[in-house]
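For the protein sequence lines, the chains are Z and A, in the order given.
All the letters of the first sequence, read from the start, carry residue numbers 1 to 165 under our numbering.
All the letters of the second sequence, read from the start, carry residue numbers 166 to 331 under our numbering.
Don't read these hints as lab results, they were simulated from the structure.
We put the CB at the ideal spot given by N, CA and C, even for glycine.
A hint or two may mislead.
[Stated by the list, open to error] Per the computed footprint, the stretches of chain Z lying under chain A, defined by three or more beta-carbons under 8 Å from a beta-carbon of chain A, are:
#, region
1, 79-86
2, 93-104
3, 136-142
[Stated by the list, open to error] One-sided excerpt, in silico: chain Z residues whose CB lies under 8 Å from chain A:
#, residue
4, L71
5, I73
6, D109
7, M110
8, P116
9, T163
10, S165
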Amino acid sequence: MKMVFQLLLLAALIAAGVWLWTILFPSPENIIRKRLAQAASEASFKSGENPLASAARAETLAGFFSTNVELNINLPEHGLHNLAGRDEIIQAAAGARSMAGSLKVEFPDMSIRVGPDKSSAVADVVVQVQAAGNKEFYVQEMKFTLQKIGGDWLITRVETVRTLS
Amino acid sequence: MFGRNPKVMLLRAALWAALCVVVFKLLFIHIRVDGISMLPTCADQSIYWVSRLAYLRHEPQRGDVVAIRFVTPDDSISRMEPPHIVLLKRIIGLPGETVAFVNGRALINGEILDEPYETLDCNWNCAPVTLGPDQYYVVGDNRSMPQEDHVHGKCERNQIVGKARL
């Protein structure tokens with residue numbers, strides 16, 4: 001019994017070591033995963049948000065994108081929307097905040113492929129959006145293209161993907 | 166609180182925890198239906214179990230209701246991890262077959278598919294689609310809804326998470 005307990009303890013220590021290693025030295029995939037989750041968090045908002053805080057968060061959200069970012073969003077019920085550059089993202093974020101009371105954006109599933117140059121990546125993302133007072137949520141598959149610019153992974157392109165095509 | 170022998174108690178707890186992770190995360194996943202695309206077979210907000218062991222010995226069959234992940238996993242580890250959101254659909258087309266819809270009836274290689282589960286009216290028309298060697302054609306049972314609002318089409322074998330136990 002003592003032997004089994006020691007083995008379990010050793011396994012737990014090894015697992016903790018591996019976990020610590022991934023925290024201290026995260027892979028590019030994990031960095032991108034974390035960054036996209038932060039972007040989703042910044043895109044979310046609650047009702048009654050202070051206008052100044054709201055503007056600041058829209059600016060923060062734009063910071064996740066490159067200056068020449070392109071967004072091509074084609075939703076079945078909302079048509080085609082094209083955005084280019086950070087300014088248009090800030091405007092769109094402000095517009096969304098004025099139209100919806102609150103919005104919860106999450107990326108529950110992601111698949112990330114980092115290029116061989118280690119400075120570009122493509123993330124296939126499931127985007128889940130829930131509006132204020134709405135029990136149901138909207139799910140859309142999207143493709144994010146990212147580039148490592150100035151040490152940060154920035155989103156350079158976003159496009160909707162037609163599921164099961 | 167820990168009984169006579171705390172070590173035995175901790176060991177048991179660890180084994181139970183490991184068993185729960187294996188059973189409820191790796192072998193079976195539970196899903197809650199959100200939407201009407203699988204009516205009348207699966208009602209909105211109903212809960213089902215998906216078996217990830219179903220296709221260990223054989224490949225998916227026509228008529229199976231399967232859970233399909235949206236994004237293809239990036240490596241073998243994330244393939245083991247169950248997705249948070251899946252599509253629940255029925256397989257009607259198998260690899261290499263040609264699938265079409267004419268006046269609401271599904272055609273497989275030009276032959277009308279017998280679908281006893283399909284009880285709602287349908288008027289869909291879709292051009293023939295030929296499946297690749299690793300592709301399946303999946304569609305919901307509720308084909309009374311507009312064709313453009315109903316997610317259906319080709320999926321890759323590695324997108325199929327498991328078979329729903331109805």
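So, going through the hints one by one against the coordinates:
1. 79-86: violated (count 0)
2. 93-104: This one is violated; 0 residues, fewer than the three required, reach chain A with a Cβ under 8 Å.
3. 136-142: Holds: 4 residues of the region 136-142 of chain Z have a Cβ under 8 Å from chain A.
4. L71: With a closest approach of 19 Å, the Z:L71 hint is violated.
5. I73: violated, 17 Å
6. D109: holds, 5 Å
7. M110: holds, 7 Å
8. P116: Not OK, violated: Z:P116 not within 8 Å of chain A, min 15 Å.
9. T163: Holds: closest Cβ of chain A sits about 5 Å from Z:T163, inside 8 Å.
10. S165: Holds: closest Cβ of chain A sits about 5 Å from Z:S165, inside 8 Å.
When held up to the earlier numbered hints, the structure conflicts with 1, 2, 4, 5 and 8 and fits the remainder.
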